[in-house]
Amino acid sequence: MSEPVTDPMSFVGYLNMAEKIEKNVRTKTISLKKSIKIAYLSSFNPKGIKEVLAVKCFQRGVFADIYQCGYNQYAQELLNPQSGLYQFDPDVIILFIDKRTILGDLFYVPYKISELERRDWADEKFSELQSLLAKAKSCSRAQILVHNFDVPYYSPLGILENKQDFGFIESLRALNEKQKKACVGDGRLFLFDYDSFCSQIGKKNVTDDRMYYLADMRLDSRYMPDLCDAYLMYLKPFLSFIKKCIILDLDNTLWGGIIGEDGIGGIKLGPTPEGRPFMDFQKHLLSLFQRGVLLAIASRNNLEDALKAMREHPHMVLREEHFASMRINWDDKISNIKAIAEEINIGLDSMIFIDDDKTNRERVKKALPEVLVVDLPEDPALYARTLMEIDDFSTLQLTEEDRKRGEAYTAQRHRADLRKGADLSDYLESLKTVVKIGVANPATIGRIAQLTQKTNQFNMTTKRYLEADIVRKAESGHFLILSLGLKDKFEDMGIIGVAIVETAADAWRIDNFLMSCRAIGRKAEEAFLAGILNKALRGNVRKVMGEFTPTAKNAPARDFYKNNGFRLIRREETLEVWGYDVLAEVPFPSCITIEG
Amino acid sequence: MEKLKEVLSQVLKVEKGKITDKLSPADAANWDSMSAIVLILAVESAFDVKFTTAEIKEIRCVGDIRKILKEKGIRA
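One line per chain: the protein sequences are A and B, in this order.
First residue of the first sequence: 1, per the numbering used here; consecutive thereafter.
First residue of the second sequence: 1, per the numbering used here; consecutive thereafter.
Simulated from the structure, these hints should not be mistaken for laboratory data.
For clarity, every value in this text was computed on a predicted model and none was experimentally measured.
Do not rely on the hints blindly, as some may be mistaken.
Taking lysine-lysine pairs in the DSBU-like style, the calculated list, with each CA pair at most 35 Å apart, reads [what the hints assert, rightly or not]:
1) A:LYS112 <-> A:LYS34
2) A:LYS203 <-> B:LYS3
3) A:LYS50 <-> B:LYS22
4) B:LYS18 <-> A:LYS204
Which residues of chain A face chain B? A partial, calculated answer using Cβ under 10 Å [unchecked claim]:
5) SER10
6) PHE11
7) VAL12
8) ASN16
9) ARG222
10) PRO225
Which chain A residues stay away from chain B? Per the calculated CB distances, all over 12 Å, these [stated by the list, open to error]:
11) ARG100
12) GLU128
13) SER221
Backbone N, C-alpha and C define an ideal beta-carbon position, used for all residues, glycine too.
Just chain A, with the same shape it has in the complex:
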């Protein structure tokens, strides 16, 4: 940005910067890798929120094209299928109805109605909201982020408020609860917990009353950056900005002190004022491990010293089995981080690095800018809180595969041990791999969408789909959506592959074909492709087309069609179209058993 602003994080700084971003993107002076279309619907004057959100997205390399509804026109826009909102075709709709809007006069005089009337009020408001949201779902393809209501902290009844049957405060809580339940099990609807957000900033600070009366602004401009950070937590997974692995240092990070000097009895870890922060920090890491985040170690230490602590220290929460990769040696941290990325087969941009040593952090920031380096505070008492504030792990759904991922990588380490002693074909035979090709169903669609969003390397076209896109394709009758499940003698990996095939009568087109990187290289991808070709044969389809679009990351998939008997038919800019003449049954690789 050319002209400096005195304080770039001031309200005016945001407004001016947003204007410049918009101008520079429109005139193509700058171009950003990603863009997202956001429709922002509010029941009040949202001045500033749009601009701050645009700047926050820009800072992450994303152009946010933001549509705002006319002043308090959210309902009209949502209900009219021809509205500007739907013509805008948003990726995401954010709906922010303020409590004063929904309550109207009841905000000031809540007890002018009876308990029964309050119950009716809550039911009625809920069903009004649901019909708005249902309309939004049917008229758009957007993911919808809907605010709940910040529950007032004031009641005219004072201490007696909590002695009421279904009192004023309770009626809003009940409305929030209903809204939350409506989002459970809905792949497109996400609740934005504005009540919790307001609690974090302090409910007394939420509104600048002067600006409410003068300009109908409901959120104090000072907190707009916080609000937009909270929105980003949802936007990051929509954009596939997801961190998958935390690389940890050991000394003064997982425990206090230096294991090589202090020994197992001297390090600080356990139920003491100095040891508890480290123990709690490890517990938080464990909770992330359980939601599917991978853990790894990069530490300059003697391996035996570190392993002894990990195996024998009575208060160690994380043990060897929790780590997908351990690089404990005297090599350089940077090369160890790269080695970890290679070993567990995920990109550096999916990594988070946590180390108490500032010099190490600065070196990693400089050498590996894709890695998110956490600025760990000096005081270990603040470690756990720092970890909780990282909001880059969110995925759009939590699947059984996520919960089992940690174990899966331990199994991978064991497989690597097995590989050392055998040649490749013996090794693949010995894994006793069983795959199962399934047609997408309600139980698997969430995982299928997630794989299209998260898989980068073995991904032929890197087309990202939301759950709703998959459902629509499956229901259209023109697509065959297949999943590949895999298990071997070590573990059941669950669903690790997806193929989306457009099934015209004369020829099939593989719109995308992808596999989770931890399952590639054992011929399961070949078995999956053979399965598709054989399905085509059985359907009397003689031609199958496969597409490949190169990205910065999908080199492992580049020669897949070529190596499996496809011919290059044409190139359209970066898109390669490959074709296969289906003449006979394609044999499955001998090391793979097909189930079902």
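Dock chain B against the given chain A, drawing on the hints supplied.
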């Protein structure tokens, strides 16, 4: 006046040299009802003061802003 001019120039997109006490919404194209609000928020944060609703409603030109700041003990 320098700091105030800086703030005004950022909000209203007017060159600092053209900012005088007499400058009013009539001469500054960007001075509309919304930027008037942004202007107040910016002045408040720059000088660490709060205006009352009545004071905000009284502002007709740059000189009025300076007058209110002066009443609050700030020479701008």
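Evaluated hints:
no.: 1; hint: A:LYS112 <-> A:LYS34; in the structure: violated, 51 Å
no.: 2; hint: A:LYS203 <-> B:LYS3; in the structure: holds, 33 Å
no.: 3; hint: A:LYS50 <-> B:LYS22; in the structure: holds, 32 Å
no.: 4; hint: B:LYS18 <-> A:LYS204; in the structure: violated, 40 Å
no.: 5; hint: SER10; in the structure: holds, 6 Å
no.: 6; hint: PHE11; in the structure: holds, 5 Å
no.: 7; hint: VAL12; in the structure: holds, 5 Å
no.: 8; hint: ASN16; in the structure: holds, 6 Å
no.: 9; hint: ARG222; in the structure: holds, 8 Å
no.: 10; hint: PRO225; in the structure: violated, 13 Å
no.: 11; hint: ARG100; in the structure: holds, 17 Å
no.: 12; hint: GLU128; in the structure: holds, 29 Å
no.: 13; hint: SER221; in the structure: violated, 6 Å
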